[in-house]
Amino acid sequence: METKNSVKFKIENMDFHYGDFQALKNINLEIKENEITALIGPSGCGKSTFLRSLNRMNDLIENTKVDGSITLDGVDIYKDYDVIDLRLRVGMVFQKPNPFPMSIYDNIAYGPRLNGIRKKSVLDKIVEKSLRAAAIWDEVKDDLKKNALALSGGQQQRICIARTLAVEPEVILMDEPTSALDPIATLKIEDLINELKKDYTIVIVTHNMQQAGRISDKTAFFLMGELIEFSETDKLFSNPENKKTEDYITGRFG
Amino acid sequence: MRDTLDAKIKVLSNTLVEMCTKVEENIEKSLKALVTQNAELAQEVIDFDGEINAYETSIEMSCVNLIATQTPLAVDLRRVFSIIKIVTDLERIGDHCVNISKVVLTLGACDLNGALEEISSMGDMVKRMVKHSIKSFVEESVDLAELTAKEDDIVDQSYEALYRNLLKQIKKDISNENQIIGLLLVGRYLERMADHSTNICERLIYLETGKNVKY
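Line order of the protein sequences matches chains A and B. Numbering-wise (my numbering), the first sequence opens with residue 1 and increments by one. Numbering-wise (my numbering), the second sequence opens with residue 1 and increments by one.
Hints were generated in silico from the structure; no laboratory data involved. One or more hints might be untrue.
Restricting the straight-line Cα-Cα distance to at most 20 Å, the calculated cross-link-like pairs of lysine to aspartate or glutamate (DMTMM-like) are [to be verified]:
(1) Lys-8/B to Asp-191/A
(2) Lys-10/B to Asp-182/A
(3) Lys-8/B to Asp-217/A
(4) Lys-198/A to Asp-3/B
(5) Lys-102/B to Glu-177/B
(6) Lys-197/A to Asp-3/B
(7) Lys-235/A to Glu-56/B
(8) Lys-10/B to Glu-241/A
(9) Lys-8/B to Glu-30/A
(10) Lys-135/B to Glu-151/B
(11) Lys-188/A to Asp-3/B
(12) Lys-79/A to Glu-30/A
(13) Lys-10/B to Glu-195/A
(14) Lys-188/A to Asp-6/B
(15) Lys-235/A to Glu-60/B
(16) Lys-8/B to Glu-128/A
(17) Lys-198/A to Glu-56/B
Far from chain B, by Cβ distances over 12 Å, these chain A residues were calculated [said to hold, decoys possible]:
(18) Asn-13
(19) Glu-33
(20) Lys-120
(21) Leu-151
(22) Asp-175
A virtual CB, placed ideally from N, CA and C, is assigned to each residue, including glycine.
Given only the sequences and the hints, what does the whole structure look like? Please build it.
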């Protein structure tokens with residue numbers, strides 16, 4: 001079933017080089033609004049590079065080159081965007097929970113404060129709204145001054161998601177957000193991701209194929225820098241088109 | 001937790017109940033067509049079977065997708081597996097409605113010494129069994145499933161009695177053989193429908209207890 005959601009990211013003929021090494025080859029892909037798109041593939045296949053190119057995190061690495069185009073709502077993010085503006089719209093959650101070494105409150109208020117919000121009543125509202133949206137408000141509401149590093153791994157990751165939500169992005173990129181968490185914390189984050197889909201567009205890299213199956217609407221399978229198959233998750237996991245995809249998801253790869 | 005899986009299983013169960021309602025309607029209609037000798041109604045039953053088959057395909061596909069993407073385990077796995085089996089039983093019950101309707105179309109007027117009444121009361125039993133087997137699944141009631149499955153013996157006995165009655169009549173008067181064979185077939189179809197209901201009850205017992213029982 002093709003969904004009617006509008007295109008958020010459009011990637012056309014994209015190549016990516018680390019120096020002489022070509023990490024991505026001629027990628028063409030559309031990421032739709034309010035959908036969860038999962039990126040899967042073996043280590044080194046280019047999926048994280050691809051994810052990081054969506055908010056230009058790769059700019060931080062020297063000697064990299066992007067060709068082709070990536071547009072966000074029709075605007076080329078490598079030509080017509082200030083990278084700070086881009087990252088306000090496209091937030092990111094990383095593999096290891098990385099709260100700042102400060103209170104829960106200050107973690108969430110960090111981004112809004114950078115954006116010039118000073119009024120306490122406004123910040124209070126943003127903190128509560130973000131923590132609620134990240135499904136952790138009830139667990140921390142009485143203890144907002146507590147150091148975020150004192151929380152469990154699963155809670156820390158939800159704090160990081162709340163921190164991302166606080167600056168009201170449109171897209172959230174997630175790079176293996178549950179790989180450092182236990183199964184229960186993982187399922188909580190998965191439910192949360194599913195809930196967030198109503199308001200955000202989500203792109204997630206995961207090494208856990210079952211996770212891609214459980215949470216995503218579309219799945220992209222990368223192999224050696226190429227996009228091998230991109231389709232509805234139901235379809236890709238029950239009846240993939242490409243033999244390489246079939247081999248990978250059935251564990252007969254290599 | 002597992003909100004997505006729970007939501008998908010709920011949709012699946014609801015669709016199964018919808019399919020069952022359609023099957024019940026077709027049982028009702030095919031029996032009415034038989035008793036009232038209504039060819040038009042019989043044709044309606046035959047035409048409607050495609051919709052029941054479409055339900056089977058769609059539920060099966062949903063189950064495959066759910067297994068592929070949600071990795072259901074334990075009770076979730078047993079439920080999905082049970083649903084896959086149950087839709088097959090429901091689809092077969094639907095086919096038997098078509099079979100009965102085809103007999104109606106070829107039967108012509110007949111009244112064979114109360115055989116129609118016997119069939120009609122057997123039909124009521126089968127209708128109730130189908131209804132209760134799905135009810136037991138929806139309510140997850142092992143008790144109702146066991147009770148319903150046991151009713152199969154009564155249907156079997158009715159079929160035996162009908163069979164003997166019709167055999168006697170064919171011996172008496174060979175001129176009615178087409179009608180008699182038609183009604184024998186209808187009896188057989190009803191008996192098979194009851195067997196499929198029993199299977200549905202067995203699936204529920206498997207779902208709830210993990211045990212494979214046979215009635």
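Hints breached by this structure: 2, 8, 9, 16 and 17
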